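Enquirer: Work out the full structure: start from the sequences and follow the hints.
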Amino acid sequence: MKSKQELIEASAAQSSFDAKAGILTVTVIKPGLTRSQARYYPADVLKRDYRVFEGAKMFLNHQSSAEEKARPEGSLLDWVASLKNVSVESDGTVKGKAIIIDPQFKKKVIELDQKGLLQELGVSIRAMGEAEPKTINGVKTNSVESLTGCRSVDFVTYPNAGGRAELLESEREGIDIKKRLVRSYMLMGLTEAEAFIAAGIELEVKTCDDPFGTMLSALSSKSSRRF
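Each step along the sequence shown adds one to the number in my numbering, with nothing skipped, and position 140 is 201.
Treat the hints as calculated values from the structure; they're not laboratory data. Treat the hints with care, since some could be wrong.
What the hints assert, rightly or not - Under the rule of at most 20 Å between Cα atoms (straight-line distance), these lysine to any residue pairs were calculated in the SDA-like manner:
(1) K195 with S207
(2) K91 with K195
(3) K168 with A80
(4) K176 with I84
(5) K195 with K118
(6) K158 with E172
(7) K158 with S143
(8) K118 with G210
(9) K168 with K91
(10) K167 with I84
On a predicted model such as this, the values are computed, not experimentally measured, just so you know.
Expert: Have a look at this one:
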């Protein structure tokens, strides 16, 4: 069953940089499984829907939960570039031109380029779309069936070929999701300890057709244990 989701994915930013014009060519997203394996982006979906990224504002880092609540539209102070001339390659890789508008950020990018560290800079999308649970190459994941909009394409720290920044982003997102799940299960009548277990299991079996039923089954198997 398809569900609407907010999609947060990171990728390496650097491709080429025109220092004089302040234009950085970036890879927005590539097809395939994300590093966390939470989602799968089919090439044909990216080829069809890549235009949602055209004109996206580019901020320094994603908003925290508190920042998003206080200013959902984003901060003008953190807006450093806009994404233009978005295109898609034959394999489904989406690319675009980051038009840098912030002088201080431009200086930082020039410095990174001169020191050979531009590959440490990454971008991470905040998009909306529909996804459906599927098993792909033996991996249970959520296959993105459509991209319906884009909130922003943000610059993020991206060390060690990108894995760490995406892991941190996924961990941060996962913590917020788990807190919401714990509250939901406690409203259903579970104790706090049971709710923590249920939330953890649901995050692991995120593609289950009957997650609450699975939680109750798992909890019953643990009922003889002390928390």
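Enquirer: Give a verdict on every hint.
Expert: Cross-check of the supplied hints:
1. Under the criterion of a C-alpha separation no larger than 20 Å, the hint pairing K195 with S207 is consistent with the structure, at around 14 Å.
2. Between K91 and K195 the CA atoms are separated by roughly 19 Å; this keeps the pair inside 20 Å, and the hint holds.
3. With a C-alpha separation of about 9 Å, the suggested pair K168 and A80 falls inside the 20 Å cut-off, and the hint holds.
4. With a CA separation close to 18 Å, the supplied pair K176 and I84 stays within the 20 Å bound.
5. A distance of roughly 31 Å separates the Cα atoms of K195 and K118; the hinted pair therefore is violated under the 20 Å criterion.
6. Using a Cα cut-off of 20 Å, the hinted pair K158 and E172 holds, with the two alpha carbons roughly 19 Å apart.
7. For the proposed pair K158 and S143, the alpha carbon gap of about 8 Å is at most 20 Å, so the pair holds.
8. Distance restraint check for K118 and G210: the Cα-Cα separation of roughly 13 Å lies within the 20 Å cut-off, and the hinted pair is therefore satisfied.
9. Simply put, K168 and K91 have alpha-carbon atoms about 28 Å apart, too far for the 20 Å limit, and the pair is violated.
10. Proximity of K167 to I84 is assessed by CA-CA distance (about 9 Å); at most 20 Å being required, the pair is judged to hold.
The structure fails hints 5 and 9 (numbered hints given earlier, in ascending order).
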